[in-house]
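K.L.:
Chain by chain, the residues run as shown.
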Amino acid sequence: MDRIGRASFLALGSGAVVLVADRNRLGPACLAVAAEVAEIDRACSRFREDSELTMVNDAGGRAVAVGGVLFQALEVALRAARLTEGDVDPTVGQAIRVLGYDRDFAAVPATGAPLVRVATVAGWRQVHLDRRRGRVRVPRGVRLDLGATAKALCADRAAVRAHRAAGCGVLVSLGGDLATAGKPPAGGWAVRVADQHDAGPDAQSETVRVHDGALATSSTTARRWSRGDEQLHHLVDPATGRPAPVVWRTVSVAAATCVDANTAATAAIIRGERAAGWLDALGLPARLVRPGGSVLRVGGWPQPEEASAA
Amino acid sequence: MPSDPGAAAQRDAGLRRVSRLTRWLLAWALALTAGFSAIAARGFSGGSGGQSTGQTGGTATTGASGQTSNSDSSDSSDSGSALQAPSNSPSASGGSGSVTSGGS
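For the record, the sequence lines run as chains A and B.
For reference, each letter of the first sequence is one residue, going 1 to 310 in the working numbering.
For reference, each letter of the second sequence is one residue, going 1 to 104 in the working numbering.
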């Protein structure tokens, strides 16, 4: 008997999906996820005037005392930067604003005047955390964007919290980046992998079973806009301050945590041709999709079953 | 026994030189101790702050002020020095899945 429960709701400017191995425990799990999402949004949103991150970005170079959630999110972001040699860098905030992504994406104009400049990315080493005092300082003019890691951190935290609340296995997906906690249903969680988390039934995709850990996908097909004749997307290469060249249109990675999965997937988009070897060397199961749709699987990512391969 | 005034003066002068030398040596010893302590504190930051040993680009600089550089943090959110694979790789499946992983 299928006892899996499922619920979905809006969260973090995208969609949240909560799966529980015991459908009778869906309510407590959803409440736990909603609470976690609210905490992360209040601390880490760069679009909320009242968020702690906005306070840090607007501090003009002064050290700012922050709460534990944002402090953890910053530590996670800096770890991601260190482990990817700066390919995933939280100091891209000003660069992505200059590109036009300066408000909640739903309100970003789809077209606009040509870009006249790009912003230099200061680099993650410019961010200073004072753990003893719980303070963070970034130089004047540097703006942080935790988009590459905060949603994944939220998924990790929410999965653990929901598992504790529900007392059964859970899967939490936030905008297509998902984390699991507890014992999965028999055979694992069935997860469809596609370019976009809201892909229609006809979109190219394949289905895998996730038994533990997390799975995240980064894609240049999501959150796109144009300025002049230039097509832009949200995955900015810190080396140039511009959207990364589209060597892979989509990369999905399985890892122990959603933070690690999303860090690797985002870095792979930035790294381009070097990504496949890097992921394979790390032993991370990954699926990389070329702009034309051809798929490369590395690190033990399974070959699709005939019925699910598109 | 009557003392020789010249010899006494020489003795006193010698004692003053020894005393000055002792003070200088003491001051140098203290300065060197402080210097080595500072170097050791920077090179081997301890406590729960963790170390960046073996981590690419690590610049552990925890000092007496408690200021922690961006690469000197480790706790539950900084688990390990590499991206971690899941315990079990995903396996192939048919069907459509209950949830979709994709860009957003």
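These are calculated hints, taken from the structure and not from any lab test.
Among the hints, a few may not be true.
[What the hints assert, rightly or not] Heads up, incomplete: computed chain B residues facing chain A, CB under 10 Å, no partners named:
1) Ser19
2) Thr33
3) Ala85
4) Asn88
5) Ser91
6) Gly97
7) Ser101
No residue lacks a Cβ here, since even glycine has one placed at the ideal position from N, Cα and C.
K.L.:
Confirm or reject each hint.
P.N.:
Against the structure, the hints:
For Ser19 of chain B, the shortest C-beta to C-beta distance to chain A is roughly 44 Å, which exceeds 10 Å, and the interface hint is violated. At about 25 Å, the closest approach between the beta carbon of Thr33 of chain B and any beta carbon in chain A exceeds 10 Å, and the interface hint on this residue is violated. For Ala85 of chain B, the interface hint holds, since its Cβ comes within 10 Å of a Cβ in chain A; the closest pair sits about 5 Å apart. For Asn88 of chain B, the interface hint holds, since its Cβ comes within 10 Å of a Cβ in chain A; the closest pair sits about 4 Å apart.
A distance limit of 10 Å between C-beta atoms decides the matter here; for Ser91 of chain B the minimum to chain A is near 5 Å, and the interface restraint holds. Interface restraint check: Gly97 of chain B against chain A, minimum CB-CB distance 3 Å, threshold 10 Å, status holds. Taking 10 Å as the C-beta contact cut-off toward chain A, the hint placing Ser101 of chain B at the interface holds, the least distance being around 5 Å.
In this structure, the hints that do not hold are numbers 1 and 2, in rising order.
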